[in-house]
Amino acid sequence: MDEAQAVELAIRTVELAREAGADEVEATVSVSRRFHVEARDVTISKLEQSTGKTLGARIFAGGRKASLATSDLSGEGMREALSRAVEQAQFVAVDRFAGLPERFADDAPDLALFDASIVQRAGEGRVDEALELERLIRRNDSRIVNSSGSHYHDVASITAIANSAGFAGAYTSTRVTRSTGPVAHDGDVKRTAHYGTAARHVAELESLDSVARTAAERVTALFGARKPPTGAYTVIFEREVASSVLEDVFAAVSAANVAVGNSWLVDRIGEAVGSERVTIVDDGRMRGKLGSSPFDGEGVATRRTVVFDRGTLRSFLYDTYYARKLGAASTGNSTGNGIGTNNFYLERGTESLAQLIAGTQRGVLVLDTIGFATEHASGTYSRGARGLFIENGEIAYPVDEFTIAGTYGQILAGIDAVADDQRFDSPVASPSFRVAEMTISGN
Amino acid sequence: MLDESVLSQILARALRRGGELADVFCERRTSLAYRLQDGQIHDGSIGVALGVGIRVVTGESAGYAYSDDLSLEALLEAADAASLIARTSSESTSRETLPSSAGPPQSSLYDGANRGHVAQAQYVALLERADTAARKSDSRVVAVNAHLTDELQEVWIATSDGRFVYDRRPMITLGVQVVASDGKERGSGYAGDGGRTSIAYFDAHSPEELASDAARIASVNVEAQPAPAGEMEMIVGSGGGGVLLHEAVGHGLESDFNRRGTSLYSGRVGERVASELVTIYDDGDMAEERGSLNVDDEGVPGQHKILVENGILRGYMQDVLNARLMGTASTGSGRRQSFRFAPQPRMCNTYMPNGQSAVDDIIKSTKRGIYAKSFSGGQVEISKGDFVFMVGEGYLVEDGKITAPLKNATIVGNGPDAMTKVVAVGNDSRLARRHYTCGKGGQYVPVGVGMPTVKISSITVGGTAHG
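As they're listed, the protein sequences go chains A and B. Heads up, the final residue of the first sequence is numbered 442 in numbering that gives the first Met the number 0, and it's a clean run with no missing numbers. Heads up, the final residue of the second sequence is numbered 466 in numbering that gives the first Met the number 0, and it's a clean run with no missing numbers.
If we strip away everything but chain B, and leave its shape as in the complex, we get (with noise of 0.2 Å):
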């Protein structure tokens, strides 16, 4: 996007008031997207992002700027602005040169990128389809919106200790909101699916199989009675259960709170944080997921961390000036929303893989309990670790059995307490197909999310039904 000669003139005036290191994010990013309502395609939007970001780290401080329009003045203008962080006058002691070229990647993790020509009326007939399921699979379907985004993000990064690369990241997303209605009760359901890959991926995961999963948790939640009120036992589904990981643990083990001594896992490394049926990782070279990256937003490879071990904490996820600041290395878990924003250090895709047990054995060993089958969102505040998750579609589960469905119950626990209370993880490990998206600091990145069924022993659900 930028010619090296202007990277290098703006690396060296971002470094002029000293630092140790700068970075140059360039992008563009280009998406279109559909909307259905009511039957029909309602309304259809483009989004172009062109800009520059320039950061300047010095010590634990970091100074950005960001700029949308390319001229060299601007550019330099913004360096100048992001360069006001290091007042010191200490020479740089950085070197300021570029390899001769960023090509793309030797191998991509998202072949979508290379996609061809896509015909408009292919996005909309994959809408419509979804449509014309949802309203088919059960008469109580009162009302169906979907929408389809595709988008590709491209960026150039250049670094002044020498990394210049290049990513060209596709996107690819469809939802299906469904709300149903028996006359009195309404209830919703929600399906979505896609990632870093192209419209071919909906011709194997049919948009009519998302529409009426979505239908059958709409009509599931018309029917659903009052969550009960108090602690019990928790299944948590495949797949999508992986939020709790994301949550409970995930955030935690951030770089940035750690070397802030914000969270409750500063300093715990080698420490055991959870049951020892607990493995979790974080990938971000899986194949097409959504959370995964060829390169990070700071021009570091994906990569594959092991955060806990057999419920020993094994590491955190860091990003470059974090990673600096603690004496060790990126693990390429820098990520930021657009050129608009300094990177942060974010998760990838979160998962805890197989266990021993199978899915029966674990839902009969269940007196009374809550199964989760999948979250629709949950928060959690890092430096306690309470968490709290809104389940999309729920079941009571009494005496070993899955009795009836319940409404909008939200659990609510602690992430270590939770984590010790793992009694049971089961064979069917599986990523969400899901598109989840993370906010953090203002920041909103997609991510990935997976786990088998999980069993916790005691949690608290917070619904209002009370003896």
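Pulled out of the complex, with its shape left as it was, chain A reads as follows (with noise of 0.2 Å):
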């Protein structure tokens, strides 16, 4: 299926469900084209490529909503599945919020979110990196002798959207993705690590050589490691746990949380939130991110949003529903279905990591936490996490099986230095940042 066919389909959906009851429809289709290789050793481990496709509409009957979300394109399948739809929405309340938006995108920037090379790449080429970063791990260290798998992975998608109001339109784009998780033995531990680069084009993807040395680095890093004293101390998060905490900054801001009471940012719009060397910023609309798109998922064009301003908070994120609820104006944040980022990324700095290390006095670089958040109402924040203890402005020697705990507006507030190694290796990117003091639980 090529986009054409695909906004033909989004469009049929659109004049099927009208057909069946609605009085204003939302088509999407999706059609994904997947590869994906894992080696283990020499040894190829998994191999697997599909293309798939998946239809999803949102109907509105009366101020009523209800969507679908279908595999069957069948147009017994279709048309089943719509009037289901059709029939539900009867069962939902009147919402006078509901509907779709009254502006759509009506531009094309060209964002290149597609790399041809991708799609062009023979099968041999893609094994070959998996089986690569497998031999790069083990030559990199000599105590690295297993491994959970290297993953080399590519995505070439159609998103087409049609809907009611007259709105049609489509983008094609690409995602590629190296990965490796190295095993070492650490005296009777095993210990672990994974890391990852992903990109819309090739040739912006960290080098082979680049992901099995930081990898063997994560493992290698953490021999002998043991609990931290119990106390208040510096903290430095790297940049993809501190990736991690954005994300979760972001459920904060996300006006579907906010409008039901789950958010600890609720009626704070306008405060000093943060430290001045917080800005943080949502933009749809950067050239060849993994973030960007033309419009989202309703058919509004993306756009850049101020989130935070040097810590005070300016906007929440949107789409037509919640913006209409909360009394603002949609951010081109919609997934189709509730409210996602766009790129979301806390401006970097510009000392370096190094820096903000030889800076510290007393304190904690956390390399990975595990665990997530629950609940946004309190924003506490607590993770179980592995790192390097810090002394003088030096690295001391390694540290796990602890916890660092806050709430969420103590890290905004805390923040005293922002790195400038910033990636965009996912739609949510930060760079490493310091927040002054946190609460360590060791022994």
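Derived from the structure by calculation, the hints contain no laboratory data. On a predicted model such as this, the values are computed, not experimentally measured, just so you know. Every residue, glycine too, gets a C-beta built ideally from N, C-alpha and C. One should not assume that every hint holds.
Simulated restraints on C-beta separations [to be verified]:
| hint | chain 1 | residue 1 | chain 2 | residue 2 | range |
| --- | --- | --- | --- | --- | --- |
| 1 | B | Arg429 | A | Gly326 | 45 to 53 Å |
| 2 | A | Gly74 | B | Gly182 | 28 to 36 Å |
| 3 | A | Asp40 | B | Glu308 | 29 to 37 Å |
| 4 | A | Asp208 | B | Arg429 | 47 to 55 Å |
| 5 | A | Val144 | B | Ala73 | 38 to 46 Å |
| 6 | A | Gly326 | B | Lys400 | 44 to 52 Å |
Calculated pairs, BS3-like style, for lysine-lysine (alpha carbon to alpha carbon, straight line, at most 27 Å) [what the hints assert, rightly or not]:
| hint | chain 1 | residue 1 | chain 2 | residue 2 |
| --- | --- | --- | --- | --- |
| 7 | B | Lys363 | B | Lys400 |
| 8 | B | Lys135 | A | Lys324 |
| 9 | B | Lys363 | B | Lys420 |
| 10 | A | Lys52 | B | Lys439 |
| 11 | A | Lys226 | B | Lys366 |
| 12 | B | Lys135 | A | Lys226 |
| 13 | A | Lys45 | B | Lys363 |
| 14 | A | Lys324 | B | Lys363 |
| 15 | B | Lys400 | B | Lys420 |
To list a few chain A residues with every Cβ distance to chain B over 10 Å, as calculated [unchecked claim]:
| hint | residue |
| --- | --- |
| 16 | Glu7 |
| 17 | Gly61 |
| 18 | Arg138 |
| 19 | Asp424 |
Starting from the two chains in their separate frames, assemble the complex, guided by the hints.
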């Protein structure tokens, strides 16, 4: 299926839904061709390739909303699913905020989302990348004797949206990933780490050498790790861990959470929440980035929204529904059935990570965390962590089996340095940053 | 879904480049869901997943492809893509015969599969009852979100070594999230329930019960004080505490990690891995539980497995591929999220049976510790065994008494270390009444967990209050 055929199918769905009794309809067709190879040592352990198609639709009937997602694209299957959705809408409350947006993207910016070389690549070349990563992690350090696998992944996707207000648009994008998970023996203990790189274009990926070296360093850096003493310390969040903190910040600025009270940032627009170093932006129009697209899941043009400006909370992120509900305008953050990020990033600073470490008296450089946020109402942050203890500006010894705790408010207010090491390996991207003081719980 | 001659053609095509085993997984899944927000039914949705996944196994390698286009041409193309893993010209040694039919299993673990028509209004009524009950139970409740999903998954699995089975798996889920506030502090609480059953389940397990439980936890969390930081004793509550077993031990006993030697439990069957008070089962054949399976996603019957017995490691959870390589049989643990994914060894319902101690005695014997009544989630790193749990409802215990609720505590520890520190096992074992979903390698499957009240002599609590 090509872009034009996907748009045609979306338009046809809109027609079928109208026939089934919907007043307003929006249909989204996604076609993805995926390739994945996993290697372990000298063996190809997994080879997966498929093309999948899904159809999503949101229908509005008498001010009531229902949606569907189906992979059954037969004419009969589509008709049945659509009439069931229309039937279901009758049991939904009338909601004056529900409905299609008023304005849609009317431009076609070239965002460089597609790398043709990925589609043209031969299978062998892609398989070799995974095998090469396996060789490289072992070459980096003789203590690396095993792995949970090295991966090469690529996907080429068509996204087409059409609605009953006359909007129809489509774009094609690619995404390619290299990752590896070396395992090393540290005495009786096995240690593992994961590291990877992702981009829309092969040329923008970190090299195989660099991925393998970073992954290997992450395993061996923790050899002999022990629990740190419990107390209050400076904490440096290394780039990837910093990005996971930023993901939780996104959840708290998502209007869907704000509207239901599940956010510690409710009623705080205009307040100085973070330190001066905290400027956080959502931008859907950055060239070639993973979070970029010409329009969001409702066909609304993406844009640049400043969420925090030098610490001050300026805006939440909205789709059309929650914008109407909270008296704002959509920021182009609809995923079709919720609110998501475009490129959501913390603006980088000017110092290197090494300089952040050198400027730390006593603290912890966090390389990895486990655990996740389950609620955002209280804004409490607590994670299991691994990393390196810092004394007098120097790495002293590795630490693991401890937690870092505080609140997101304390983290944002406590950021006293932001590094220059930003990489857009995911739509949510943060450079490393340092927080003046947090609680470390060890022994 | 596909007739036998088509399945035979697909299997033959899949094995034409070689390979020891091929299987075809056909799936039709239909679901409907409603969401309640601000006291009203906010939206409804329906889902349909229809497709076929084809796998070819050769040695420790697997080729996989799926198709959501059910035409013979598209299915054979997918079989070709899966066959690329086997590049040798060696003839397939497997037979490709199928028994004549795949009827429903003789007896099913889940009666809900045969329910009749359910009026949409019945679903909506459950959500509205939950909303009313949550708001009535505490004046500090400021928001209630509830969701209900009812799903039916049908699978047809055909393998080149002659298995051809069908299963029809229902799953109903009701969840209530409550936010409470006293004007200053906010707290949230969650309660959920369901299983491989039908809407009739909620006749006996009322939405009111669920909603008031969520509201109670939310109010407790409004009053909760910051959790302490540092090492102390831990009491793990019955039911939901079973997340501890799932993370601290269960994942490490999945056979892929052990065959590859990346788990800390690799090669340790027969060795002591826990205190002698610890026995752990993983059970796929319990009636109507979330993790139960008449047959797994490779067509092997769900089974009762002893993982750890009185502290001794007894065995791993096996899928077909890893069992073959380890010279043993599948334990019915091959599971997948959908036809878009190849199977992996996974847990079903993981639990610890009753021990000897009375719960009161466990609390009384605790000098200073945390009582984690339920966990809201957890994660483990399987090589070294380090885990973390987020406490959903937790209390401080001082001098044998429960003294204060604690806010959002996180527990961090190491699996084998924590398991050797189990010093008391209660006599109140039960499965958690909550809908847990387990993620592994990007695939999410429903699971059950359970255990009695258990005491661990020392664990690291990750709060902010430190001396």
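So, going through the hints one by one against the coordinates:
1. B:Arg429 x A:Gly326: 45 to 53 Å: holds, 47 Å
2. A:Gly74 x B:Gly182: 28 to 36 Å: Check failed, 56 Å falls outside 28 to 36 Å.
3. A:Asp40 x B:Glu308: 29 to 37 Å: Taking Cβ atoms as reference, A:Asp40 and B:Glu308 lie about 34 Å apart, which means the hint holds.
4. A:Asp208 x B:Arg429: 47 to 55 Å: Because 53 Å falls inside the window, the suggested range holds.
5. A:Val144 x B:Ala73: 38 to 46 Å: Given range 38 to 46 Å: holds, Cβ gap about 43 Å.
6. A:Gly326 x B:Lys400: 44 to 52 Å: With a Cβ separation near 49 Å, A:Gly326 and B:Lys400 satisfy 44 to 52 Å, so the hint holds.
7. B:Lys363 x B:Lys400: holds, 6 Å
8. B:Lys135 x A:Lys324: holds, 25 Å
9. B:Lys363 x B:Lys420: holds, 18 Å
10. A:Lys52 x B:Lys439: Holds. A:Lys52 to B:Lys439 sits at ~24 Å (cutoff 27 Å).
11. A:Lys226 x B:Lys366: holds, 23 Å
12. B:Lys135 x A:Lys226: violated, 46 Å
13. A:Lys45 x B:Lys363: violated, 53 Å
14. A:Lys324 x B:Lys363: Status violated; Cα separation ~51 Å.
15. B:Lys400 x B:Lys420: holds, 21 Å
16. Glu7: Non-interface label stands for A:Glu7: nearest chain B Cβ at 17 Å, farther than 10 Å.
17. Gly61: A:Gly61 clear of chain B: closest Cβ-Cβ about 13 Å, beyond 10 Å.
18. Arg138: Per Cβ check, A:Arg138 is outside 10 Å of chain B; nearest 19 Å; holds.
19. Asp424: holds, 17 Å
In this structure, the hints that do not hold are numbers 2, 12, 13 and 14, in rising order.
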